[in-house]
Amino acid sequence: MFAIESEELSKVYRNGIFRRQEVAALTGFSIQVAPGQIFSLLGPNGAGKTTFIKMLLSLASPTSGSASILGQKLPDVRVREKVGYLPENHRYPGYLTGDQVLRYFGELGGAPPGAMRGRIDSLLGLVGLTQWRTMKVKKYSKGMLQRLGLAQALMNEPEILFLDEPTDGVDPVGRKEIREILKDLRQKGKTIFLNSHLLSEVELISDRVAVLDRGRLLKVGTVDEMTAAGQAYVIGIGGTLPESVALAARAFVMGLTQQGENITAECRTTAELNRVIDLLRANNVEITSVIRQRNTLEESFISLIAKEARK
Amino acid sequence: MKIITLIRGTIRELAAKATLYVLAGISTLMLLAAALAVGADSTPDGKTITFFGKQASPPVTNEMLADLAGKLEAGFAGGLFLGIVVFGVFGTAGVIPDALEKGTVDLYLSKPIARWQLLLGKYFGSVAVIFLNIIYFIGGLWLIVGLKVGVWNGRFLLSALLLTYVFASLYSVVTFFGVLSRNMAIAIIAGILYLLLVAGPLDSRQAGLYLISENGIYRGILDGLFYIFPQIPAMESGAMHIIAGEHAEAAPYAQSFLSSGGILALSAWILHKKDF
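As they're listed, the protein sequences go chains H and Y.
271 is the number that our numbering gives to position 271 of the first sequence; each next residue is one higher, with no gaps.
258 is the number that our numbering gives to position 258 of the second sequence; each next residue is one higher, with no gaps.
Since the hints were derived computationally from the structure, they do not count as laboratory data.
Quick caveat, the model's predicted, so the values are computed rather than measured.
Watch out, some of these pointers could steer you wrong.
[Claimed, not checked] Result set (BS3-like, lysine-lysine): computed pairs, CA atoms no more than 30 angstroms apart in a straight line: (1) H:Lys138 with Y:Lys17; (2) Y:Lys17 with H:Lys139; (3) Y:Lys274 with H:Lys142; (4) Y:Lys102 with H:Lys73; (5) Y:Lys17 with H:Lys136; (6) Y:Lys47 with Y:Lys17; (7) H:Lys82 with Y:Lys273; (8) Y:Lys102 with Y:Lys273; (9) Y:Lys273 with Y:Lys71; (10) H:Lys136 with H:Lys82; (11) H:Lys82 with H:Lys307; (12) Y:Lys2 with H:Lys73.
One chain only, chain H, in its complex shape (with noise of 0.2 angstroms):
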């Protein structure tokens, strides 16, 4: 059983006069995330990230396909007693204190009212606002309420945690907390299902990563196959390579560049790797490393989205 599964679906919004003008959220959008991982979706703004979660929540429904979360389809209002949010750009009532906040979602969201007190210090201590707990939250940074958001998305103890942007605002030690958090639930067997920008953030904490443009899924994969960089190697070497085994290098591979103590080689396949791994050792060249080419996150991002817009 997954935890989320979606197939096919699609969320077109019609707006304007007599609602005629059709805006295509989300294409034939499938996906399946196993529990316990954390999944993150990303895409420009505008590309359905958050269309997505939203139809996964009952908050807009499905315009075709149909969706599940721990095996039970889509709508189901019980389900959500298994699932905490954290909304971008939410908004808590700026009355109640931090403690309230926590107090009223969690009731709303079904935590035991035995367990109620216990939950409400534990999470605070946790996102670290135990000593901000009975200042009004109209007072919090951006950051504080940040925090409070994931500590009331955790209130019922959910089994599957959908996060928007929740390092929005948040300083970079806070981002590192937030960081440890996820993936403490994560050790737990919690899924958690995220929204972000900050793909540096992503890369640290991903089990798997999709990539969303223009609502139509480009790519799935783990941050692994996502940043692979095709077959090109970086190789250390001790010393200057002679331009002699260069050239006989390049007689066989793609490409070979040199940049100080290391060697771009540009393979079809491993065993052309191989053979200039053989070609070095001949020539009495001393190998350090050889590691694969990778990108970062970003970068393959930027490259897809890139190439998906050249289309």
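With chain H fixed as given, assemble chain Y onto it according to the hints.
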């Protein structure tokens, strides 16, 4: 249970707004004025009601005094109704649009609560706050009249429930427009316009709108509309009659119950269909 949480949350939300403190403040001023002004004197010919120490009625028997006190209370209740319309609608019309605002509605609807539960929780929370304001004023005035004039009119206390019921009927219209537009100003204007341009003219159609045409279909449509919408003026005047110890029809209350229920059901259906 979740509806109770929503009702409590709405009461807290409204308690944080100044408008309702203004209403409570006005009630307090009116109660103080009533406490200072209203009194009763015994004369050899019977009892008289006094206003600021001056005789305001001829000497009457105890029975007639009770009638007079009832009319006095009915007058106050009429004034209170105006206060409820002006301040109550202004103070509570934002509750539904605020709950449906982006960033807030996501928080509510991501919880295991149905949309109709959210609507009813917010609706009854607002009505509960107005009821508290009404009971404060009516209860206070009942005590003042009882202590100073010696007339304890149980029907006047009952009118607190009736006036809350009248407000609840009007508020179903405000709720409907709040859901439809998600805009507080539109909800207020629609509620007031309903009262002034729909409920009022329909209630007095025989003396007004009927005179435009004698056409049976036209008059039939007016009658139909009268029975479709909550009959606010008829219920208000019924409450005044009850306070004064006079006969009042139950039909406007029963019919408005069905109308308001229908309007709330329609609001819940519209809310159910909305994308956020």
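Evaluated hints:
no.	hint	verdict
1	H:Lys138 with Y:Lys17	holds (14 angstroms)
2	Y:Lys17 with H:Lys139	holds (17 angstroms)
3	Y:Lys274 with H:Lys142	holds (29 angstroms)
4	Y:Lys102 with H:Lys73	holds (26 angstroms)
5	Y:Lys17 with H:Lys136	holds (15 angstroms)
6	Y:Lys47 with Y:Lys17	violated (44 angstroms)
7	H:Lys82 with Y:Lys273	holds (24 angstroms)
8	Y:Lys102 with Y:Lys273	holds (16 angstroms)
9	Y:Lys273 with Y:Lys71	violated (48 angstroms)
10	H:Lys136 with H:Lys82	holds (28 angstroms)
11	H:Lys82 with H:Lys307	violated (38 angstroms)
12	Y:Lys2 with H:Lys73	holds (23 angstroms)
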